[in-house]
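Enquirer: Given the coordinates of chain L, assemble chain Y with the ligand onto it according to the supplied hints.
Chain order of the listed sequences is L and Y.
When we follow our numbering, the leftmost residue of the first sequence carries the number 7, and every step to the right adds one.
When we follow our numbering, the leftmost residue of the second sequence carries the number 5, and every step to the right adds one.
Hints listed in this document are in silico derivations from the structure and should not be mistaken for laboratory results.
Just so we're clear, the structure is a prediction, and the values are computed from it rather than from any experiment.
Some clues are possibly wrong.
As the list claims (entries may be wrong) - List time: in silico DSS-like cross-link candidates among lysine-lysine, alpha-carbon distance up to 27 Å: (1) Lys-85(Y) x Lys-155(L); (2) Lys-139(L) x Lys-406(Y); (3) Lys-406(Y) x Lys-101(L); (4) Lys-101(L) x Lys-79(Y); (5) Lys-158(L) x Lys-81(Y); (6) Lys-151(L) x Lys-79(Y).
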Amino acid sequence: MRTFSSEFIISRRVFIGSAMVLVAAPILAGTTNTEKELLVISNSGQFFSAEHMTMLADIAEIMIPLSDTAGATDAHVIPVLDAMMLTWAVAGTKKQFLQLLVKLNEIAKASFQTHYLNLGKDKRVALVSHLDKRAFANQTSELSKSYRKLKKIIFHIYYTSEPANPDFMLIPGTYRGCVTQAELDTFNARGRVS
Amino acid sequence: MAQEYDVIVVGSGITGGWAAKEFTEKGFKTLVIERGRNVEHRGSEYTDMQAPWQIENRNLVPEDFDEQGRYQLIKQKGYFKGATKQFFADDKEHPYSYPDARPFKWVRSYQLGGRSVTWGRQSLRWGPKDFVANKKDGNGVPWPIGYEDLAPWYDYVESFIGVSANRDGLEDLPDGVFQKPWEMSCAEKVIAKNLRKAYSDRRLIIGRAANITEPTAEQMKLGRGQCQARAYCKRGCTFGGYFSSLSATLPAANNTGNLTLITNAIVERVDYDEKLGRASGVSIIDTLSKEKRSYKARVVFLCASALGSVQILLNSKSATFPNGIANSSGVVGRYIMDHFSGVLADGIVPGLDDKFATGRRPIATYIPNYRHENKDGVEFVRGYGFQATAQHRTKTPTHANKAGIGVDVKEVANQPGPWKFRAIMYGEMLPYFDNVASLHPTKTDQWGIPQLHIDARVRDNERKMIRQAAKDIGEILDVGGCVDINVNTTPEDRHIAIGDRIHEMGGACMGNDPNTSVLNKWAQAHDVDNLFVTDGACMSSCATQNPSLTYMAITVRAADYAAKLMQKGSL
Ligand SMILES: Cc1cc2nc3c(=O)[nH]c(=O)nc-3n(C[C@H](O)[C@H](O)[C@H](O)COP(=O)(O)OP(=O)(O)OC[C@H]3O[C@@H](n4cnc5c(N)ncnc54)[C@H](O)[C@@H]3O)c2cc1C
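Chain Y on its own, in the form it takes in the complex:
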């Protein structure tokens, strides 16, 4: 007999951790099912207390990963190192599919805590304009909620996770409940000041980080301490200085006594009771024994990450839903989005040779989207922002990769160089119906689950944005006071791998119309009342801001709604 819970939460990452906390704190017996292994907060997998010389293989990943074709999609990435490799999924072990001409990057963390362990912690609210964009320009499905629906939930989430940020007073990037912001470097301050003088719409602000600078009593009670400016977050944080499921939501859920947690269990499908017309629970495969089991619950929350949840939905076939549960509209898997780049720029900030920075700030600076309106005669809709930084002075390079040995080259290496400001575009990709994730007809993974096939690409609107963003950032750096400016753009004919910004979303979008959307305004399936999808799959558009804070706000709002219905007995 399957065991019965009030709520099943699939996934223990950023959104799953939140769903678990909310339901357990409201008194519901909650089962969290996680496909990855258990990871202990402050356990042996955390490498944050190791100095560079103490890290295994001096932070290099073993060479045989390459020979064995492991981690090929992320091997060049700065976040994938010897000290962090345990927190990233190997695409060889966990394959997915894409058209040869259009590689898709699906960066995953399959362990307890998911990508809450490895995320960059930039925590930005969406603004009112972001929620009306689809309706305004007719792309995708209009959002069924607006900023005001989420605002109190943003407050709630920020208070708990701890966001260190400046109150910038920007209409399009609303302020929230903030702790003390991180300081800008002198070079960043120069640019910020020059931009403020020259533009009414373009700002350089300090990033908004889920790293705590003024721990609250609630945070300290969970064992979290002030961020120590080490910027080793992706190795796990012994201080609990940044928000993760491991440091915050799961301990809070566990404290209630209402949490049951299962790891190494892949949810294969949501089970559907044809008689009752409801989800009855989920079926899982034990990753180690490959044994199958079922669990029952009154409510199922899918929080397996956008594409993870899409895969589960599509794979949950029944007589009523031959194309996957909650898919009467045929929209499950549609409108896959990610932020995209295509412009990288840098410039030297002159004249600060007697100044230095010290400590490692855990966040960059940010130029928020200033192109919501169609101004300057541009021929695209939506806009872009830039993640940027001049946190430290550059260092003169060593001669590791060029000719030269001996005392002379040693003495000139690693000396303070100029301040260099770097910026990377984050553009808003439109929701395209034809950017689609589907189940591959023949390919399966080692557990026999059909692989997800993801076919997504940027189109004309995004290419136009890249052209304009290149012009803009060149000008911004110039006006900001930089010299020796370089602007690199991705050639028009080169595929831009979607997923590379790791903000993949869509696939089960929210909307008011059950014929054109999968979820209603509560992230509840139109077709199945007791099924909710609150990770990035529910997003109807992608804006330009890093999305996880919005996923969290949507999750707690949906959990609150579901809990009220459960208390009333109508769920």
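For reference, chain L alone in the conformation it holds in the complex:
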């Protein structure tokens, strides 16, 4: 078993009356179940339970796995999503995501006679991949709508994360409109264009 503990702390704004308070989201802490290749998250989030967080982190990592570049877990996609459930999502979205997780367990039980989190990695990947295909092939069902919405926000959070944007420059200094790959690499390495 590998202990997983992210150093990641996010802040979110909670409005209490008119006062704005900065609240730190809990650190995503968990252990890896090596047999199932599953990161089991032990803390509840601010919105999702620990079990929900485990399922969601797994789905996000299946969608965007670790490879040569960071995966969804390294990009802290689910802790960010959890915080955004309080600051961004409306009640309908919250319900949609929770029901999607219920539905996913139902599908797991119907297909494999057990809960999603009890499945081995290959079965979980197969299940999410199947759901992905179905959700885009037939877009009318509630399941499709919820899944596509979850996927969209997971991708959004991932592609706006620091690990997914290693060459991002907050202050480029200037703009160059016609550079070679070698020049681009040099600018990226020094984090500035000028």
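Expert: Chain Y with the ligand only, in chain L's frame:
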């Protein structure tokens, strides 16, 4: 007793900031009244120092805006994001009215600095032909000024705000006082070169940006620094790299010690002294307490944005002016204009696969209007230009909205794609008497002020332009060297929302004849000597160029004139 000032300036946006600077620097005690809240330059509302992962909700606006029906008119716009939402007015909180069949888009920024905080900074002079167009083709009211009247004031404004641009030597888009231009991308350069070879009248030029590339001593003294190519301007700029009231004119005004600034105060009306036949000042409503107050001044400058000023004029009723102050002609609210689009085109610029762009240029490229003359047998008057860009290579899309997950889809996402050139038409809408803003007879806002009802639409001339512009841009992209060209036009029967280009203007046009216009050549009301309107309301036609630079030039020219009269004691 109402407090007394030399000048009252209504609004602190692009034009109000300028009026404040000019009068305070000339030694006049000036009161600026702003309906929105105070915003500190470099204060906590600026989000420009946040990386994408640091922005609240990853730059998404909260979903409940939709549920509550807030910001419905701008919710789909690229400029309305989590990091910029604080700088746009909510149409639910600040309602206005339009006919159901003809929605009007009134994009506003109600805070200190107005839309100077959120504007796109494209700063283009009008050319000599733009000021004679009304007279030439008989539409609208002839301009009482020409290019030569404004030219020195354009110089003056450009020197202060800082405009980075190329000296293009175009007769219809005169050069000015410029700082170093931004570079074109290799794809844009290819198109520019091909157009130069093929046409005598069509050019692709780099945009002219109110983003400073070579800060002057005057700019640095105000704490402004060189633009850092972040293109986060609409979030406010900590460097003061772009011109806004907050970074430039208001600090300059404040330095004089002659500025008094009031925020959260809506000017409800200009008060008129029947005995003296002059404006005596303004009445305001405190947005928070709803308390009413009056302020007095020798001169009133309305700079509340075109439609904001029209609303104030119409609402300023008196025995002499039962239809609103300065409205003996009945022309207040008439000739509402905006630039209009209707054509969007794109094409791939092939063959530059080993080239890239880096940094974020704060301005696009531009194809200036080449249709001042009625050539090629076209059946419309006036013309159009195109705002265009191929600033960066495209990126391959992610699979966020399509089937596919896993390593394979991740590896192919966000990879450098081809160079794509995109162009959007900006047409000159004619000044139509029947495109009108009036006070709604029954609807009011939360402060009891009658809502503005705006009924404006494009007509036959504009539809003909769209047809021709679609043909032209297809050809321009082809000649420019693009492949896979797409040209999309707005269907003839679909309403084009006026205001969508955010260059709304007119409503208190300038002219020589008091019977057909509201303001004289100094943007001074024909009917009321000490009342000036120098925002977009004063425009008699709309040309094709982004208008704010012209509003600024008109404002400083009018302020100079008013100040001289005040010094002589005749105002
Ligand atoms: C996204 C965007 C992009 C743009 N891009 C460009 C561009 O590239 N180039 C260009 O030339 N223009 C551009 N514009 C338009 C430009 O912002 C306006 O033309 C310009 O700001 C008009 O200046 P103004 O002073 O008339 O009005 P504003 O800047 O809108 O300021 C008006 C001020 O008056 C205040 N006010 C209104 N009513 C009252 C009242 N009753 N009492 C007291 N205060 C009041 C408002 O709160 C506001 O602060 C853009 C605008 C937007 C939003």
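Enquirer: With a cut-off of 27 Å on the C-alpha distance, tell me whether Lys-85(Y) and Lys-155(L) pass.
Expert: 19 Å, holds
Enquirer: Does Lys-81(Y) lie within 27 Å of Lys-158(L) when you go C-alpha to C-alpha?
Expert: 19 Å, holds
Enquirer: Is Lys-406(Y) within 27 Å of Lys-101(L), Cα to Cα?
Expert: Cα-Cα ~23 Å, so holds.
Enquirer: Lys-151(L) and Lys-79(Y) were given as a pair; does the straight-line alpha-carbon distance stay at or below 27 Å?
Expert: With Cα atoms ~21 Å apart, Lys-151(L) and Lys-79(Y) stay inside 27 Å; holds.
Enquirer: Going straight from one Cα to the other, do Lys-101(L) and Lys-79(Y) come out at no more than 27 Å?
Expert: Holds: Lys-101(L) and Lys-79(Y) sit about 23 Å apart, inside 27 Å.
Enquirer: Run the distance test for Lys-139(L) versus Lys-406(Y): straight-line Cα separation, threshold 27 Å.
Expert: 9 Å, holds
Checked against the numbered hints given earlier, this structure breaks none of them.
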